[in-house]
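Chemist: Please model the complete structure; the sequences and the hints are all you need to start from.
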Amino acid sequence: MYPLITEIQYTSIKPGQDIRILNWKEFSFLERVKDTQVINFAPQTIGGNHRHPRTEWYIAFGELILYWLDKSGKRHRRHLNPKGKLLLVEIPPYLPHAVRNLSADFPGFLLELADAPQTGVEKLNII
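Residue 69 in my numbering sits at position 76 of the sequence shown, and the numbers go up by one each step.
Calculated directly from the structure, the hints in this document are not laboratory data. Some clues are possibly wrong.
Stated by the list, open to error - Each computed DSSO-like pair below joins lysine-lysine, with the alpha-carbon atoms no more than 30 Å apart:
| id | residue 1 | residue 2 |
| --- | --- | --- |
| 1 | Lys64 | Lys78 |
| 2 | Lys67 | Lys18 |
| 3 | Lys7 | Lys67 |
| 4 | Lys67 | Lys78 |
| 5 | Lys7 | Lys116 |
| 6 | Lys18 | Lys7 |
| 7 | Lys78 | Lys7 |
| 8 | Lys64 | Lys7 |
| 9 | Lys67 | Lys116 |
| 10 | Lys64 | Lys116 |
| 11 | Lys18 | Lys116 |
Modeler: Pasting the structure below:
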């Protein structure tokens, strides 16, 4: 079991400016969303280290790294905002996962959308 990771294409880019526009109507999964949070990761903090029955979708900003365990228990990692690219990450139900802010100086932000409220959480030691 792995997260599904897709690079997000901006709807438009303003000419002559480094301003990118992302239109929510491009995301077909939004009709499934029942819970949303914006999570601020202070420098060097870790969140998650758990698994749960809901599906989550992430869009991250900053030096956030996603860690997850596959079915054999092997740990994997992926930068959530590599070189400023936006990624849409789908965390399937029961996938063990955690997020760490690698920055020593700046916060990272995670937009988290989910198909249900957070229940049935099993705490784990992933990182």
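Chemist: CA of Lys7 to CA of Lys116, is that 30 Å or under?
Modeler: Between Lys7 and Lys116 the Cα gap is close to 43 Å, so the pair fails against 30 Å, i.e. violated.
Chemist: Is it true that the CA of Lys67 sits at most 30 Å from the CA of Lys18?
Modeler: Given that 30 Å is the threshold and the Cα spacing comes to 36 Å, the pair is violated.
Chemist: Take the C-alpha atoms of Lys18 and Lys116, compute the straight-line distance between them, and say whether it is at most 30 Å.
Modeler: 34 Å, violated
Chemist: Given the hinted pair Lys7 and Lys67, is their alpha-carbon gap at most 30 Å?
Modeler: The given pair, whose Cα atoms are some 42 Å apart, is violated under the 30 Å limit.
Chemist: With the threshold set at 30 Å, check whether the alpha-carbon distance from Lys67 to Lys116 stays at or below it.
Modeler: 17 Å, holds
Chemist: Given the proposed pairing of Lys64 with Lys78, does the C-alpha separation stay at or below 30 Å?
Modeler: 28 Å, holds
Chemist: Lys64 and Lys7 were given as a pair; does the straight-line alpha-carbon distance stay at or below 30 Å?
Modeler: 43 Å, violated
Chemist: Checking one constraint from the list: CA of Lys78 to CA of Lys7, max 30 Å. Satisfied?
Modeler: Between Lys78 and Lys7 the Cα gap is close to 17 Å, so the pair holds against 30 Å.
Chemist: Within a Cα-Cα threshold of 30 Å, do Lys64 and Lys116 meet the stated pairing?
Modeler: 17 Å, holds
Chemist: Decide if the proposed pair is consistent with the structure: Lys18 and Lys7, CA atoms, cutoff 30 Å inclusive.
Modeler: Given that 30 Å is the threshold and the Cα spacing comes to 19 Å, the pair holds.
Chemist: CA of Lys67 to CA of Lys78, is that 30 Å or under?
Modeler: 26 Å, holds
In this structure, the hints that do not hold are numbers 2, 3, 5, 8, 11, in rising order.
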